[in-house]
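Quick note, the sequences are listed as chains R and C, same order.
Heads up: the first sequence is residues 1 to 466, going by my numbering.
Heads up: the second sequence is residues 1 to 246, going by my numbering.
Calculated directly from the structure, the hints in this document are not laboratory data.
Accuracy of the hints is not assured; some may be wrong.
List of simulated lysine-lysine pairs, DSSO-like, C-alpha gap at most 30 Å [stated by the list, open to error]:
#  : chain 1 : residue 1 : chain 2 : residue 2
1  : R       : 156       : C       : 48
2  : R       : 369       : R       : 216
3  : C       : 169       : R       : 57
4  : C       : 149       : R       : 359
5  : R       : 216       : R       : 30
6  : R       : 32        : C       : 169
7  : R       : 431       : R       : 227
8  : C       : 149       : R       : 30
9  : R       : 227       : C       : 149
10 : C       : 169       : C       : 78
11 : C       : 169       : C       : 149
12 : C       : 4         : R       : 32
13 : C       : 129       : R       : 156
14 : C       : 6         : C       : 149
15 : R       : 364       : C       : 6
16 : R       : 284       : R       : 431
17 : R       : 227       : R       : 319
18 : C       : 129       : C       : 4
19 : R       : 156       : C       : 169
20 : R       : 30        : C       : 169
21 : C       : 4         : C       : 169
22 : C       : 48        : R       : 431
Beta-carbon label-pair distances, calculated as ranges [to be verified]:
#  : chain 1 : residue 1 : chain 2 : residue 2 : range
23 : C       : 149       : R       : 153       : 48 to 54 Å
24 : R       : 193       : C       : 160       : 50 to 56 Å
25 : C       : 34        : R       : 286       : 21 to 27 Å
26 : C       : 162       : R       : 208       : 42 to 48 Å
27 : C       : 51        : R       : 234       : 30 to 36 Å
28 : C       : 223       : R       : 245       : 45 to 51 Å
29 : R       : 389       : C       : 34        : 36 to 42 Å
30 : C       : 158       : R       : 262       : 52 to 58 Å
31 : C       : 174       : R       : 286       : 37 to 43 Å
32 : C       : 150       : R       : 115       : 51 to 57 Å
33 : C       : 37        : R       : 386       : 36 to 42 Å
34 : C       : 221       : R       : 359       : 41 to 47 Å
Here a beta-carbon is modelled for each residue, glycine too, at the ideal position from N, C-alpha and C.
If you want the building blocks of each chain, they are given just below.
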Amino acid sequence: MTREKAKEQKKEQSPQTSPGTGTAGPKTLKVKHLTRVEGHGNIIVELDAENRVRDCKWHVVEAPRFFEAMVQGRPYQDIHHIVSRICGICSIGHQLCSIQATEDAFGLNVSEQTLDLRKLALHAENLQSHLLHIGYLVLPDLMGVDSVLPLAETHKEELVNLIGCRRISNEFSNLICGRTTHPQRLIPGGMELIPTSRELTDLQDKLRESLGRMDKIVELFVALGDKWPDFNRPTEYVALVSPSEYALYSGEIGSSKDINRPAQLYQQITNEYCVPQSTAKWAKNTGDSYLVGALARFNLNHKLLSPGARKAAARLGLKAPVHNPYFNTVAQLVECVHSAEDSLEIISRILDRGLKDEKPARIKVRAGKGVGAIEVPRGILIHSYEYSDEGRIISADCVIPTNQNHGNIQMDMDAMRPMLSGLEPEAIELKLSMLVRGYDPCISCSTHLIDVTGAPKENLVRFVRV
Amino acid sequence: MTAKPKIAFFDFAGCEGDQLQVANLEERLLDLVSHIDIVRFREIKTNKQDNYDIAFVEGSITRPEDEPRIREIRENAKIVVALGACATIGGINCLKNFINESEYKATVYGDHARWYSTYAARPLSAVIKVDMDIHGCPIDKNEFARAVKELLLGKIYTPPGYPVCVECKMAGNICRYEQGRLCLGIVTRAGCGACCVNEGSVCWGCRGIAPDANMDAAGQVMDEHGFTWLDAQDHLRLYFGCNNRL
């Protein structure tokens, strides 16, 4: 065994933490590759001799993938197919946002039925992604285990209920989109294939079943209510808003502290900026940072939630405005109930209107710019394209939810320092890991996240692979 | 192999959609874990070990720093399985291989481009010996379950050598060329049951070129249906780009 390998193994065996140079001096706590998140990120905490937190940092260390360059010169028919591969978990959201941007560029309007089917697709994705996060990624922290797998021994009934609920959400995506990951049916202009009335009726039954299952999950989370850290930090909340519905597929970009703007003006809100001492691009609007995702949507749009979702929120003790970022997961659970109930409504609407076997609208290619903005599970996603008159991409810009939350995660960590000081390193690590996990970061998505190390001796940008 | 083999999951440049398919096995995942011991799976599990028999690796190799890490995985594991198109054939990451490096770095990172190390994206097999491939973008969870079963029996799963066209005919689809659409099912390795064509789309080629594919005949079919080289190239580069000759 090489020396390097032995070192590596030692690091692996002392799970996650590697206390620095002995007990007397300052220590560094490293969570290298935070687990149960999508993609690669690290938490680095500096402690003094009394375990007071001097500094904590959230680093992102994902391999760059160059999607915005990869689509250049590609024809419009392929773009949603390519950008779907930005992320396995929110591939439906990337496709829908991409299709919206392309249709905007070509000035194309789609049918009412297509719009409804796309809204269903988005609900299906929100369900599958939220349930994955709530059940598989966050629940183990609340239950004090390292993954969901041990729960098969200790909490079989709850686990089987959760898995069953998620299976239904996958079947839902499968039926509407043609696959759960990187789906095939969604295309610019409409749908490649439309589900049958029979399939939609069966889906209604399944969704009703899943509402029963969700009720049990809500019950479980009510019982675990005392496990969340007590931490509040008001910030700016940004999400799509619409007067007519709980905005997911369309709307203006709204904020808790600013005016609403159309998606085309997204750059006025997402102002990306560089941190003076480093190279991280963060996003800010009126304040130092803002939050996107289920909690922002809940805070801005809670009045438009479905009745069952409002009831679930009341049971879970969620009352807007919520300033505890850990409750993002709870807001996701409330949204699951909303997605299932709203989907039932949409399906009835489609069936009442009479399901039409529509072909996708004909696309007339022209040069132009287009913007798409969609609420995906982790927050507002924006794609902006410029097309040539042959319908090929000239330039593309993708603003990813996790990028917008990056600054807010760091500000939360800064604000948590007094609360963490004096705790055992393991407790500090758990609280910070839970914070980041709560945001449900989707790091593979982050097409251009930059790692901040701040340490002058090292390169400013590092890609750490452990 | 021991009675309950130790299994680890790793990822390089990719979307983690293939590991998601493993999580999407739902109830079947619980059956599976009664026969295997998952010792490392960052996406769903915190504790990890370096002692494993089978490594499932997702994603492409896209930077020099990736190489020592994948070599170490090769050294530790008895069997290395490439999981999904990025790992088996380089996948969609290879699109960047057709663009000048300084150009694509500047496009995405602007003035910060020089901080990023990157090189042509490539499949795992360009760097290490791979024992088994599970193709697809994303992988098919049923094929994954079957491959794991065969591994448990001490066998190596081999995907079909014929093209998707064979399975597409069996599925009863109308040929996309008859509808005036370019489709790569005529040269792509089968095993997916023509899933994309079944959903109304065309075959994009995500499982790589079939071992027995006749590329000349494919060119003829495309010619006969009035497609130009540029049309073909748009499709071929999506997934067949790792050898950079298209």
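To see whether the hints hold, each was checked on the structure:
Note on residue 156/R and residue 48/C: the hinted pairing holds, with a Cα-Cα distance of about 23 Å set against a maximum of 30 Å. For the hint pairing residue 369/R with residue 216/R, the CA-to-CA distance comes to about 46 Å; that exceeds 30 Å, so the pair is violated. Distance check on the hinted pair: residue 169/C and residue 57/R sit about 55 Å apart at the alpha-carbon level, beyond 30 Å; violated. Simply put, residue 149/C and residue 359/R have alpha-carbon atoms about 41 Å apart, too far for the 30 Å limit, and the pair is violated.
At most 30 Å may separate the alpha-carbon atoms for a hinted pair to count; residue 216/R and residue 30/R exceed this at roughly 36 Å. For the hint linking residue 32/R to residue 169/C, the alpha-carbon distance of about 49 Å lies beyond 30 Å, and the restraint is violated. Between the alpha carbons of residue 431/R and residue 227/R the distance comes to roughly 11 Å, so the proposed pair stays at or under 30 Å and holds. Pair hint residue 149/C plus residue 30/R does not hold up; C-alpha atoms about 38 Å apart against a cutoff of 30 Å.
Proximity of residue 227/R to residue 149/C is assessed by CA-CA distance (about 39 Å); at most 30 Å being required, the pair is judged violated. Between residue 169/C and residue 78/C the CA atoms are separated by roughly 38 Å; this puts the pair beyond 30 Å, and the hint is violated. Taken as a hint, the residue 169/C and residue 149/C pair is honoured in the structure, with Cα atoms around 28 Å apart against an allowance of 30 Å. Distance hint between residue 4/C and residue 32/R is fulfilled; the C-alpha atoms sit about 28 Å from each other, no more than 30 Å.
Taking the CA atoms of residue 129/C and residue 156/R, the gap is about 40 Å. The hint is violated against a cut of 30 Å. Taken as a hint, the residue 6/C and residue 149/C pair is honoured in the structure, with Cα atoms around 14 Å apart against an allowance of 30 Å. For the given pair, residue 364/R sits about 55 Å from residue 6/C by alpha-carbon distance, which is inconsistent with the 30 Å threshold. The hinted pair formed by residue 284/R and residue 431/R meets the criterion: a straight-line CA distance of about 25 Å does not exceed 30 Å.
Of the supplied pair hints, the one linking residue 227/R and residue 319/R holds, its CA atoms being roughly 18 Å apart against a limit of 30 Å. Under the criterion of a C-alpha separation no larger than 30 Å, the hint pairing residue 129/C with residue 4/C is consistent with the structure, at around 24 Å. Between residue 156/R and residue 169/C the alpha-carbon distance is near 43 Å, which puts this suggested pair outside the 30 Å criterion. As the CA atoms of residue 30/R and residue 169/C are separated by approximately 55 Å, the hinted pair breaks the 30 Å bound.
Proximity of residue 4/C to residue 169/C is assessed by CA-CA distance (about 40 Å); at most 30 Å being required, the pair is judged violated. Note on residue 48/C and residue 431/R: the hinted pairing holds, with a Cα-Cα distance of about 20 Å set against a maximum of 30 Å. The hint said 48 to 54 Å for the Cβ distance between residue 149/C and residue 153/R, and at roughly 23 Å that hint is violated. Take residue 193/R and residue 160/C: their Cβ atoms lie about 25 Å apart, and the range 50 to 56 Å is violated.
A hinted range of 21 to 27 Å is violated for the C-beta pair residue 34/C and residue 286/R, which are about 53 Å apart. Here the CB-CB span from residue 162/C to residue 208/R is close to 43 Å, well matched to the stated 42 to 48 Å. Range check, residue 51/C to residue 234/R: Cβ separation about 47 Å, and the 30 to 36 Å hint is violated. The hinted window of 45 to 51 Å between residue 223/C and residue 245/R holds, with their beta carbons roughly 50 Å apart.
Between residue 389/R and residue 34/C the CB atoms are about 59 Å apart, so this pair departs from the stated range of 36 to 42 Å. As the Cβ distance of residue 158/C to residue 262/R is approximately 54 Å, the hint placing it in 52 to 58 Å holds. The hinted range of 37 to 43 Å is not satisfied by residue 174/C and residue 286/R, whose Cβ atoms lie roughly 55 Å apart. In this structure the hint that residue 150/C and residue 115/R lie 51 to 57 Å apart at CB is violated, the actual value being about 45 Å.
A C-beta distance of roughly 51 Å is found between residue 37/C and residue 386/R, which places it outside the suggested range of 36 to 42 Å. Checking the proposed 41 to 47 Å range against residue 221/C and residue 359/R shows it is violated: the Cβ atoms sit about 25 Å from each other.
The structure is inconsistent with the numbered hints 2, 3, 4, 5, 6, 8, 9, 10, 13, 15, 19, 20, 21, 23, 24, 25, 27, 29, 31, 32, 33, 34, although it conforms to all the rest.
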